[in-house]
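Asks: The lines below spell out each chain.
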Amino acid sequence: MVANSSNPQANNISLQPREWGFLGSFTAMASPCEVLMALDDQHIAEQMLQLAFQEAKRIEQKFSRFIEGNLIWHVNHANGVAKPIDAETVHLLQFAQQCYQLSDGAFDISACPLMSLWRFDGKHSVPKHIDITGAIEHVGLSQMTLSDSHVYLPSGMSIDLGGIGKEYAVDKTAQMIAKQWPDHSVLVNFGGDIACPITKSDGWQVGIENPQQLDNAAALLTIRQGALATSGTTRRYIEVEGKRYGHIINPKTGYPVEQAPLSVTVLAPNCVMAGMLATMSMLKGSDAEAFLQQQGVDFNVFRG
Amino acid sequence: MQLTSTQSIASALALASCSLIGQTQAAETVPANDDWKVDAAIMYYGEQDRVQAVEAIGNVQKAFGDSSLLDLKIVVDSLTGASASGAVAQAQSQTFTRPSGKGEYTVKAGDTPLDDTFHDTRVQLSANWQEILNQDWTTNVGMYASKEFDYLSMGLNAGIERSFNKNNTTIALSGAFTNDVVDPVGGRPVALAEMVFSADYNSDAEYQAAFDQTRLNGDDTKQTTDVMIGVTQILNRNWLMQANYGLSSVSGYMTDPYKILSEVDLNGLTQGYRYENRPDSRLKHSVFLMTKGALDSGVVDFSYRYSTDDWDITSHTLETHYRYYFSPSFYGQLHLRYYQQQAAEFYQPFLMVGDALPEYASADYRIGDMTAYTIGLKFGQRLSGGHEMTYRLEYYQQNPDNNGTEIPGQLQNYDLFPSVKAIVAQVSYSF
Chain A
1 MVANSSNPQA NNISLQPREW GFLGSFTAMA SPCEVLMALD DQHIAEQMLQ
51 LAFQEAKRIE QKFSRFIEGN LIWHVNHANG VAKPIDAETV HLLQFAQQCY
101 QLSDGAFDIS ACPLMSLWRF DGKHSVPKHI DITGAIEHVG LSQMTLSDSH
151 VYLPSGMSID LGGIGKEYAV DKTAQMIAKQ WPDHSVLVNF GGDIACPITK
201 SDGWQVGIEN PQQLDNAAAL LTIRQGALAT SGTTRRYIEV EGKRYGHIIN
251 PKTGYPVEQA PLSVTVLAPN CVMAGMLATM SMLKGSDAEA FLQQQGVDFN
301 VFRG
Chain B
1 MQLTSTQSIA SALALASCSL IGQTQAAETV PANDDWKVDA AIMYYGEQDR
51 VQAVEAIGNV QKAFGDSSLL DLKIVVDSLT GASASGAVAQ AQSQTFTRPS
101 GKGEYTVKAG DTPLDDTFHD TRVQLSANWQ EILNQDWTTN VGMYASKEFD
151 YLSMGLNAGI ERSFNKNNTT IALSGAFTND VVDPVGGRPV ALAEMVFSAD
201 YNSDAEYQAA FDQTRLNGDD TKQTTDVMIG VTQILNRNWL MQANYGLSSV
251 SGYMTDPYKI LSEVDLNGLT QGYRYENRPD SRLKHSVFLM TKGALDSGVV
301 DFSYRYSTDD WDITSHTLET HYRYYFSPSF YGQLHLRYYQ QQAAEFYQPF
351 LMVGDALPEY ASADYRIGDM TAYTIGLKFG QRLSGGHEMT YRLEYYQQNP
401 DNNGTEIPGQ LQNYDLFPSV KAIVAQVSYS F
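Line order of the protein sequences matches chains A and B.
If you're matching positions, the first sequence starts at 1 in my numbering and goes up one per residue.
If you're matching positions, the second sequence starts at 1 in my numbering and goes up one per residue.
Keep in mind the hints are simulated off the structure, nothing from the lab.
Mixed in with the good hints, there may be bad ones.
With a straight-line Cα cutoff of 20 angstroms, these simulated EDC-like cross-link-like pairs (lysine to aspartate or glutamate) come out [as the list claims (entries may be wrong)]:
id : chain 1 : residue 1 : chain 2 : residue 2
1  : B       : Lys147    : B       : Asp220
2  : B       : Lys421    : B       : Asp116
3  : B       : Lys222    : B       : Asp183
4  : B       : Lys102    : B       : Glu194
5  : B       : Lys37     : A       : Asp86
6  : A       : Lys83     : B       : Asp301
7  : B       : Lys37     : B       : Glu388
8  : B       : Lys62     : A       : Asp86
9  : B       : Lys37     : A       : Glu68
10 : B       : Lys166    : A       : Glu68
11 : B       : Lys166    : B       : Asp136
12 : A       : Lys57     : A       : Glu34
13 : A       : Lys83     : B       : Asp296
14 : A       : Lys57     : A       : Glu46
15 : A       : Lys83     : B       : Glu388
16 : B       : Lys284    : B       : Glu345
17 : A       : Lys83     : A       : Glu68
18 : B       : Lys62     : A       : Glu68
19 : A       : Lys200    : A       : Asp298
20 : B       : Lys166    : A       : Glu137
21 : A       : Lys252    : A       : Asp131
22 : B       : Lys421    : B       : Glu394
23 : B       : Lys62     : B       : Glu388
24 : B       : Lys166    : A       : Asp131
25 : A       : Lys128    : A       : Glu258
26 : A       : Lys83     : B       : Asp39
27 : A       : Lys200    : A       : Asp183
28 : B       : Lys102    : B       : Asp204
Same shape as in the complex, but just chain A:
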């Protein structure tokens, strides 16, 4: 059905008619991705799906830190040499810097050395304290120097845009679709991060998963326009001697945030903002709800 994809099997692209329009789906950024299109014209639906797929793949290829040889890989292997980067990357890194400052250092895209110590792979072990203090030395976005065309990271540091990339891809895709087809309502959903750029009069029904009961939608939201994003993943904790360590790591201490919610879903005008508020609230631990209330946004918090 989608002719232009080079390898439709691996990406599982499909387009299916529904009573309200078309459901397009594919796999990108290690997540199931969907585009819900309230329209009758299958040709337009194919074009929208193709656009969404290509944009998701483009952003994944460019910014995933797991793809050897891409832009992020070069930045992370620069060994203390300033690397040329394009305007899009400059803007993303500027945004990451702003989030770092707004969260007082709690949201840090340079925290990978710490994250890799805390593996939530089911083996019950807490990293050694000396390893944690060693890793913290290589963490701290304030050490990144950013110009209009270059980024400089001290040798040994690396960055991971995973905390922004998927939401950014959702917003970019939604924006491109809305620009090209301003008269059609569309919902872009990449792995649970969602944007609806054009108002749908009767709204989209969005189910929010309960992390403890994955198969049932625990809450149902109606979105007419805007975005939502969820922070927190399921079953990711380790338990040692009765103490449960959650998966949200405070980059300043190197240890998991205590009493962090299992998941937080936030509604906001765009997906990047929703995702960042959700992440920042997770980092607040027991104060997650209070923090979100102060921000004046709609949200949903699950605690175990």
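For this one, chain A is given, so just place chain B on it according to the hints.
Replies: Frame of chain A; chain B shown alone:
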């Protein structure tokens, strides 16, 4: 950014996120061609009163996917000027037969004899293919060719790199083979043959016959095999170090066909000139140690190279570069280099009349005792769109020394080991 209330986080994020998503629309209209990289440079090298060279360098790198890189380079240089022939200065003017045998040139009394027939254009081409096989292994293969009027050099090289220890340690092994063909203007001189002069003969034919007696027919070749093994170790977040050992074996024609030696008597008076001769094999070992560090707003490296060979040439090189970023898009770099060399065993500044002729002899100051230093400055300016301009200016001085030879008679009046001073200027543009 100091915040007065937590609620402003949402407003600040709203602004920042809109700016992020809004601005990228414009960025999209200028597609960045990430996988091409082109460098162009022009370099001037000028020795005071001697060789001048202008060199144009073009380099293209093209990435194919994430794991393959093609690197193509072309260098065209044009050399003019004069270089020291090896003969010594005299109180009288001196006349030399040109290497071609056709014509003569005269050097003024008291001057170091320079051969001014030196001019050539050289074209060098090289291609290198690098392939990242997986996270641990990288390989490369390359070809090289260089052509000038009297010289053709062609080579192949290959290397393999293995990373260990989460890329903190890299071991590299590489090898190269080069074949050179030398076809000097006027033919290769017979080893230590005496220079003949047309004025000593009654006819052109007689002179030509005598000149031909000093020459060998045809070209000659030289083969070079290089092997290098190196280790690069990341020491901590700011420092890395590298150690290399290199072995180079050369066999074939290594004599410089344009270099001569004066044959002087006990008063230092030149009685004649002989063409030099060098051994036809050379085995060279070198060790290189380098450490490189990232500073708060700069990069510094220090290196030391020790080299020794079976011609008894031993050298030590100390070098450092210090780069300072005045801003993320503008840097200045200081370069200092000190070099010290001990002469080849067959180096001698002149031959003595009456002494038995040695098998090998050369008065080429480049293989004599010498110290040299370089002081350089470089500035780099990053422009929009990932382009970069760099400017380099260096001063280079070679100070040849006497290797312990006793200087007879009038030769003591002259500087037999004059310094060579040179300027290097280069402008490069990368895009």
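Asks: So, for every hint listed, does it hold in this structure?
Replies: How the hints compare with the structure:
no., hint, verdict
1, B:Lys147 with B:Asp220, "holds, 15 angstroms"
2, B:Lys421 with B:Asp116, "holds, 17 angstroms"
3, B:Lys222 with B:Asp183, "holds, 11 angstroms"
4, B:Lys102 with B:Glu194, "holds, 16 angstroms"
5, B:Lys37 with A:Asp86, "holds, 14 angstroms"
6, A:Lys83 with B:Asp301, "holds, 19 angstroms"
7, B:Lys37 with B:Glu388, "holds, 11 angstroms"
8, B:Lys62 with A:Asp86, "holds, 18 angstroms"
9, B:Lys37 with A:Glu68, "holds, 18 angstroms"
10, B:Lys166 with A:Glu68, "holds, 14 angstroms"
11, B:Lys166 with B:Asp136, "holds, 9 angstroms"
12, A:Lys57 with A:Glu34, "holds, 13 angstroms"
13, A:Lys83 with B:Asp296, "holds, 16 angstroms"
14, A:Lys57 with A:Glu46, "holds, 16 angstroms"
15, A:Lys83 with B:Glu388, "holds, 11 angstroms"
16, B:Lys284 with B:Glu345, "holds, 14 angstroms"
17, A:Lys83 with A:Glu68, "holds, 16 angstroms"
18, B:Lys62 with A:Glu68, "holds, 16 angstroms"
19, A:Lys200 with A:Asp298, "holds, 19 angstroms"
20, B:Lys166 with A:Glu137, "holds, 18 angstroms"
21, A:Lys252 with A:Asp131, "holds, 14 angstroms"
22, B:Lys421 with B:Glu394, "holds, 11 angstroms"
23, B:Lys62 with B:Glu388, "holds, 17 angstroms"
24, B:Lys166 with A:Asp131, "holds, 16 angstroms"
25, A:Lys128 with A:Glu258, "holds, 18 angstroms"
26, A:Lys83 with B:Asp39, "holds, 16 angstroms"
27, A:Lys200 with A:Asp183, "holds, 10 angstroms"
28, B:Lys102 with B:Asp204, "holds, 10 angstroms"
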